[in-house]
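J.: So the sequences go chain by chain: A and B.
Per the numbering used here, the first sequence starts with residue 452, numbered consecutively.
Per the numbering used here, the second sequence starts with residue 63, numbered consecutively.
Because the hints were derived from the structure by calculation, they are not lab data.
Warning: the hint list may mix true and false statements.
With a straight-line cut-off of 27 Å between C-alpha atoms, the simulated DSSO-like cross-links for lysine-lysine are [stated by the list, open to error]: (1) A:LYS497 / A:LYS522; (2) A:LYS522 / B:LYS420; (3) A:LYS533 / B:LYS451; (4) B:LYS420 / B:LYS451; (5) B:LYS451 / B:LYS180; (6) A:LYS497 / A:LYS461; (7) B:LYS338 / A:LYS522; (8) B:LYS180 / B:LYS420; (9) A:LYS497 / B:LYS180; (10) B:LYS451 / B:LYS417; (11) A:LYS522 / A:LYS533; (12) B:LYS180 / A:LYS522.
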Amino acid sequence: MRGLPTGIFKSLRIAFKNLFRPNMVIQYPKQRAIIPERARWAVEIKPAQDGSHRCQACRICEGACPHHCIKLDITTAEDRSKHIDHWWFDRGSCMMCGLCVEACPFDAIRMGHDYELAHADPALLVLDLLPDTPAYVRPKPARPVDPNAGDTDA
Amino acid sequence: MAEQLTQDTTPDTSLDILRDLTADSTVEVVSAEELAAGYENAGWLTPDGTPPAGITVPRNIRRIADDPHQLTTDHYLLNMGPQHPSTHGVLRVVLELDGERIMSSEAHVGQLHRGIEKLAETRRYGQLGSLFDRADYVSGIHTELALALATEELAEIEVPARAQWLRVLMGEINRCASHYLWMGPTGLDSGAMGIFLFMMYDREKWLDILEEVTGQRMMFNYVRPGGVIADITPRAVQLIDEYLAEADARLDEHWDNLYESEIFQQRTQGIGVVTKQDALDFGASGFILRASGVDWDLRRDRPYSAYDRFEFDVMTRDEGDIYARMVCRLDEVRQSHRIIRQCLAGLPEGDYMAKLPKVLRVPAGEACGIVEGPRGELAVHIYADGSDKPLRAHIRPPTQYALNIADTVLPGQLLADAIVSLGSFDFCFGEVDR
């Protein structure tokens with residue numbers, strides 16, 4: 452060893468300095484970290500203004516998912532209206548890449564902020580996000596009534 | 063007495079003292095030149111009469127025994143391996159030991175093999191990013207960037223200027239986070255416990271910023287062919303500014319805390335030396351090459367993205383030992399801070415994503431995207447057949463080449479130094495095993 456071991460005193464000085472620095476650790480169950488707006492956790496349904504869903508059962512999210520963890524069971528009635536029997540989402544195989552949300556043309560799903568996803572029973576990881584729901588049908592815009600329509604006949 | 067002496071290796075300068083000490087005992091002292099005459103004269107034969115494999119170290123003490131098998135400790139194999147196959151990055155090294163000294167080493171890889179390259183053949187180009195994140199899970203942005211560069215070269219996509227700068231910005235932030243995850247645990251390997259926790263503070267700060275911009279802390283899926291998926295947010299700019307105000311002072315503090323510690327210097331200086339020729343021969347890149355005295359950095363020498371518009375220095379060291387690698391990387395973090403400051407000051411306005419079809423079809427051909435990752439030159443090679451999926455994708459992991467050097471660096475060291483020597487190459491087995 453060359454000369455005096457001064458390094459240990461430098462380390463001690465830094466350790467002493469850190470005694471007076473604010474605590475950086477979050478006491479997890481009591482305190483929660485701030486989750487950014489863009490944080491990607493489990494997929495959830497993004498409700499519209501009135502609380503209804505916007506899924507049109509187009510199945511684009513199913514094709515976009517690399518791990519095939521979204522599965523829609525859809526019944527099409529004779530009048531071609533669609534009914535979502537199940538909107539299966541497997542949290543266990545989801546890797547939160549966000550591709551389904553990017554692909555959705557109707558803004559019907561989003562990446563939620565629920566990060567406590569552990570379950571003792573693997574069966575609880577498969578969720579039915581929209582059980583037994585008719586697919587959202589976009590209302591046709593009401594046609595403005597032409598006030599002169601009746602006059603031309605007369 | 064005799065047993066203790068045989069466990070030690072003493073430098074040539076004290077040969078005479080040793081000869082005096084061992085005059086009446088059963089050990090004899092020889093010099094390195096005498097030893098070079100042949101293994102037969104050194105009393106170093108295995109029971110079947112052949113020299114043991116991997117002995118390249120001159121030994122100054124040898125044993126004399128009437129029966130050569132009586133006093134010679136047998137070489138034994140030590141499996142320095144994973145405790146459990148499902149731990150993060152697992153390496154199995156089979157060491158041939160003589161006492162505590164390593165005679166030869168052999169690395170076994172493949173425990174984290176997930177078939178990423180084969181899986182890539184079943185994914186569309188837009189889906190590949192989330193897969194390649196898992197290759198080098200500590201610096202996902204760089205693997206995504208290499209993939210995006212290869213795809214853009216094939217599909218001839220023009221990337222907007224703002225996207226180029228955002229790629230540089232997030233790449234440098236990820237580089238800092240990756241370096242901290244290495245420098246802290248290297249202190250841990252050499253016995254410095256506190257520095258690990260201090261450095262995790264810095265890493266957490268960078269990870270918070272990455273999460274704010276990209277949405278996740280490690281598996282970003284942020285850089286895509288054509289640009290990036292999201293713009294930087296005002297809160298992220300505020301977080302970066304807040305942290306950069308104290309960042310360089312914290313680096314000085316880390317220097318005082320770890321690098322000036324005599325214990326750490328003794329554990330790392332002159333140990334795990336990679337010579338310049340070895341580094342070049344084995345295809346090492348990145349910080350291993352620069353710590354061995356080769357002035358080479360892709361960011362400066364073959365600039366990709368927007369790196370030609372930034373001012374930074376390439377830090378090199380000549381020693382090639384563990385300490386040199388540590389210093390080299392600490393300096394690189396300082397340079398990354400410079401690049402991040404320039405990024406925030408001159409971020410151009412405009413789109414962050416090029417206009418692309420929903421399903422990207424890439425014309426047939428092959429292309430290679432090469433970036434300077436935190437661990438070295440990281441390349442993604444794409445072979446396209448004109449469909450929306452690659453016909454073959456290959457990742458060139460920098461640390462796989464560093465792993466080859468380990469087998470030449472380890473022999474001659476003590477077992478206790480093997481841990482910190484192996485750790486100093488910063489292997490990431492996600493990308494070695496893929």
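J.: Please go over all the hints and tell whether each is borne out by the structure.
T.: Hint check:
no.: 1; hint: A:LYS497 / A:LYS522; result: holds (17 Å)
no.: 2; hint: A:LYS522 / B:LYS420; result: holds (21 Å)
no.: 3; hint: A:LYS533 / B:LYS451; result: violated (32 Å)
no.: 4; hint: B:LYS420 / B:LYS451; result: holds (14 Å)
no.: 5; hint: B:LYS451 / B:LYS180; result: holds (12 Å)
no.: 6; hint: A:LYS497 / A:LYS461; result: violated (54 Å)
no.: 7; hint: B:LYS338 / A:LYS522; result: violated (55 Å)
no.: 8; hint: B:LYS180 / B:LYS420; result: holds (24 Å)
no.: 9; hint: A:LYS497 / B:LYS180; result: violated (35 Å)
no.: 10; hint: B:LYS451 / B:LYS417; result: holds (19 Å)
no.: 11; hint: A:LYS522 / A:LYS533; result: holds (15 Å)
no.: 12; hint: B:LYS180 / A:LYS522; result: holds (24 Å)
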